Amino acid sequence: MLFNSISFLIFLPIVFALFWLANKKLQLQNLIVLIASYVFYAWWDWRFLGLIIASTLVDYAVGINLEKTTAKSRRKVLVAMSLLFNLGLLGFFKYYNFFVESFIEAFETAGISLEASTLQIILPVGISFYTFQTLSYTLDVYKREISASKNLLSFATYVAFFPQLVAGPIERAAQLLPQFSLPKKFDYQLAKSGIYLMIWGLFKKVVVADNCAFFVNQIFDNPVQESSVTLLLGAVLFAFQIYGDFSGYSDIAIGVARLFGFKLMTNFSYPYFSRDIAEFWRRWHISLSTWFRDYLYIPLGGSRATKLKQVRNVFIIFLVSGFWHGANWTFVVWGGIHALLFLPLLLVKANRKNLEGNHLNLKNISSIIFTFLLVTFAWVFFRAANLGEAWQYIVEILKMDDLSMNLFLKSNKYMLFFGVSLFSILVLLLTEYTAFANNKKEVQLNKWKSFIVVILILFLGVFKNPSDFIYFQF
Amino acid sequence: MKKFLKQITIYGLLVLLILNGISLVVFYIHQKSKLYKPSFISNTVENQNYDYIILGSSMGLTSIDTKLVDQMNSTSGLNASMDDTSLGTHYLMLKHFLESGGSTDKVFVTISPRDVANKNPKESTNDYRFLPYIYRDYVHKHFNEKLGPTHYLSLSYWQPFVGVSYYNLEMAASSAQALIQPNKRNRFDDKGNYSYPITGNPPKNELDEITLAWENPYLVKIESLAKENNIDLFYYQAPIYNLKVITLDPKKNLINHANKINDPSLFYDKIHVNALGREEITKIFANEISLE
Chain A
1 MLFNSISFLI
11 FLPIVFALFW
21 LANKKLQLQN
31 LIVLIASYVF
41 YAWWDWRFLG
51 LIIASTLVDY
61 AVGINLEKTT
71 AKSRRKVLVA
81 MSLLFNLGLL
91 GFFKYYNFFV
101 ESFIEAFETA
111 GISLEASTLQ
121 IILPVGISFY
131 TFQTLSYTLD
141 VYKREISASK
151 NLLSFATYVA
161 FFPQLVAGPI
171 ERAAQLLPQF
181 SLPKKFDYQL
191 AKSGIYLMIW
201 GLFKKVVVAD
211 NCAFFVNQIF
221 DNPVQESSVT
231 LLLGAVLFAF
241 QIYGDFSGYS
251 DIAIGVARLF
261 GFKLMTNFSY
271 PYFSRDIAEF
281 WRRWHISLST
291 WFRDYLYIPL
301 GGSRATKLKQ
311 VRNVFIIFLV
321 SGFWHGANWT
331 FVVWGGIHAL
341 LFLPLLLVKA
351 NRKNLEGNHL
361 NLKNISSIIF
371 TFLLVTFAWV
381 FFRAANLGEA
391 WQYIVEILKM
401 DDLSMNLFLK
411 SNKYMLFFGV
421 SLFSILVLLL
431 TEYTAFANNK
441 KEVQLNKWKS
451 FIVVILILFL
461 GVFKNPSDFI
471 YFQF
Chain B
475 MKKFLKQITI
485 YGLLVLLILN
495 GISLVVFYIH
505 QKSKLYKPSF
515 ISNTVENQNY
525 DYIILGSSMG
535 LTSIDTKLVD
545 QMNSTSGLNA
555 SMDDTSLGTH
565 YLMLKHFLES
575 GGSTDKVFVT
585 ISPRDVANKN
595 PKESTNDYRF
605 LPYIYRDYVH
615 KHFNEKLGPT
625 HYLSLSYWQP
635 FVGVSYYNLE
645 MAASSAQALI
655 QPNKRNRFDD
665 KGNYSYPITG
675 NPPKNELDEI
685 TLAWENPYLV
695 KIESLAKENN
705 IDLFYYQAPI
715 YNLKVITLDP
725 KKNLINHANK
735 INDPSLFYDK
745 IHVNALGREE
755 ITKIFANEIS
765 LE
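If you read the protein sequences in the order shown, they are chains A and B.
Just so it is clear: in the first sequence, position 274 is 274 by this note's numbering, and no numbers are missing.
So this note's numbering is basically just the index in the second sequence, starting at one, shifted up by 474.
Just so you know, the hints here were simulated from the structure itself, not pulled from any lab data.
Treat the numbers as computed from the prediction; the structure is a model and nothing was measured.
Treat the hints loosely; a few may be bogus.
Okay, derived cross-link-like pairs now, DSS-like style, lysine-lysine, Cα gap no bigger than 27 Å in a straight line [as the list claims (entries may be wrong)]:
1) B/K744 x A/K449
2) A/K449 x B/K480
3) B/K665 x B/K593
4) A/K441 x A/K185
5) A/K464 x B/K658
6) B/K476 x A/K25
7) A/K184 x B/K480
8) A/K410 x B/K744
9) A/K263 x B/K477
10) B/K596 x A/K464
11) A/K410 x B/K658
Each pair of labels, with its calculated beta carbon distance range [claimed, not checked]:
12) B/Y612 x A/I35: 43 to 49 Å
13) A/M415 x B/K718: 41 to 47 Å
14) B/G575 x A/M400: 55 to 61 Å
15) B/P623 x A/N406: 41 to 47 Å
16) B/P623 x A/N65: 31 to 37 Å
17) B/P676 x A/I35: 58 to 64 Å
18) B/Y612 x A/I455: 28 to 34 Å
19) B/M475 x A/M1: 44 to 50 Å
20) B/P623 x A/K185: 37 to 43 Å
21) A/I369 x B/M475: 45 to 51 Å
22) A/N65 x B/L491: 55 to 61 Å
23) A/N217 x B/P738: 28 to 34 Å
24) A/N217 x B/M475: 42 to 48 Å
Built from N, CA and C at the ideal position, the CB exists for glycine as well.
One chain only, chain A, in its complex shape (with noise of 0.2 Å):
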């Protein structure tokens, strides 16, 4: 089920009334919000619920045991078996096709001819977020940084939590699974910040991310047909539609979850006002770079071990992160490309430079274009189809051997969609500058803003031929 669709717009109030008729009555208000959050995955494919089932029974049955077990080796086990099951089923999943088509071409290259089958896998949506989440609970325990859930429906709520399941924020045990043991009383000021906050993202994605979409899908799946201006400025158009995608649904869940008195963690904190890439790192999908860092980047020694290992350490989290993506190289050269973008600041120690400061001076407006500009160049290969692909579009922007915007004036139609996803853009911006200069955690609507939000969705939103959410396919 779509965030922006009529299904959830009819589901939303129903399950919203049902959760706060059961008032102060726990258990039921967890039950309640779990059936809902196998109904909204269900929508989607009913037959891969049972592999959120078995990931939760999994990790309930390893985090009861290892919280019971002091014996090392068999707590080693333990968490062994909850992550030979959580990534086994990403690694079948999301994976297999990949390891088998890579193997054929290696030896192919090799001049050894090999035959091998691939499988036709339907990639289950949600379950690089799922399994992350699960996953960081069963490590928790094992550090004892948390106790064992108890509660087999809390805990089962915990997983399948419909606002975050699918596109994340990824949740941590800690901070989320609590929640599910609290009596919960209805919020007003959290439910209005909550309706803002969806409203926002719903401009996000359905104005935004699915204007520029219109443009973006066209030239990238014809990239040599264009100019060079034209390949520029479908890469700026794709840096905004996949932050709009992407920081929009996060704000959607972050909002619903809101209206049942749930707290999310912020995911997106105004990435695009980076001035430098660590910066933006601290800004961007904030739930999977503090995953990596806490249960990757830290046990791996992070930035206090040898130079060598700090630069080991840095591209082992950029290129699993990368991996995380998706099954394909694009994905691993982007993580490489911005380890290589991060690497030098590490390494002269100006990686936790940009903490503070948010006002706009010259310095800060060259360093935060000059960023955008580095990020857009990665986002390149992550968008294209392979990595020929992403190099020629490169190629081609920078040989800057023809001007024309042809695409963009080629019909009425095509000049009103450039006009809508600039001026949507333009929109976002500028309200996001202003949070972000007052030091705001996220952009704050009030009743007016919203309303006018709410009308410029309506008469400027793609509603008729809507893009699906692009993290759902990782």
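Starting from the structure of chain A, add chain B where the hints point.
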């Protein structure tokens, strides 16, 4: 909770009020314009008696030049075809033409083999262009019957913003253009004709043939409507490159030009003639109908 629900209800209603208000303004602007075919028809045909009108989709729109026919036959014709439509929309267009005060002696309904064989016609891409007339009974009834009461177009009867938002680019944005240029027409001349340019992708396909299966339920509706209004009804099969169209139903008055011209340079693509092809086929058409 009470306060929250109260606020949601109040602001929700206020939003609906404003959105519907804007949508009604959008409808009004379109009704006063000539941008889309339904508005053009509504603002052009009142108290006009035509010798013939052409109905159809892009094939009807771009195959027959009524100005040339009228010049050759000293008649008065109108091309009421609208691109990206099907028989259901042609029926609605005929109804709209008559309800807008127009009359005609003959109607030529341009068909396509696939459309006449379609037993379950659904929405056509450009049906939304009738939205400004949703409060005319026949339009609302048509959308309800054809698309069901929960379709965006049908729902617009109760909440106009639904259709205007769904087709925001086509309806809301174009209303700004219609407001500035009320006489602007969207790719058709003052008699409703349009032609494809001489450039294009001339077809290369081999000769093929197809037999028409007259299954579309709107055929009967169009025939009844024509009969009720004493209009002589003819079906018209426009040129399709290297396709022979055969009909086994002698009751249908069919002017069959499917394989009438064979020079690929007269085609814009397989199913559309270009400006040169239009002139060629219009002359043949004019000569044939002058004998009817």
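Evaluated hints:
no.	hint	verdict
1	B/K744 x A/K449	violated, 51 Å
2	A/K449 x B/K480	holds, 19 Å
3	B/K665 x B/K593	violated, 32 Å
4	A/K441 x A/K185	holds, 24 Å
5	A/K464 x B/K658	holds, 25 Å
6	B/K476 x A/K25	holds, 19 Å
7	A/K184 x B/K480	holds, 20 Å
8	A/K410 x B/K744	holds, 23 Å
9	A/K263 x B/K477	holds, 21 Å
10	B/K596 x A/K464	holds, 16 Å
11	A/K410 x B/K658	holds, 19 Å
12	B/Y612 x A/I35: 43 to 49 Å	holds, 45 Å
13	A/M415 x B/K718: 41 to 47 Å	holds, 42 Å
14	B/G575 x A/M400: 55 to 61 Å	holds, 59 Å
15	B/P623 x A/N406: 41 to 47 Å	holds, 43 Å
16	B/P623 x A/N65: 31 to 37 Å	violated, 56 Å
17	B/P676 x A/I35: 58 to 64 Å	holds, 60 Å
18	B/Y612 x A/I455: 28 to 34 Å	holds, 31 Å
19	B/M475 x A/M1: 44 to 50 Å	violated, 25 Å
20	B/P623 x A/K185: 37 to 43 Å	holds, 41 Å
21	A/I369 x B/M475: 45 to 51 Å	holds, 47 Å
22	A/N65 x B/L491: 55 to 61 Å	holds, 59 Å
23	A/N217 x B/P738: 28 to 34 Å	holds, 32 Å
24	A/N217 x B/M475: 42 to 48 Å	holds, 43 Å
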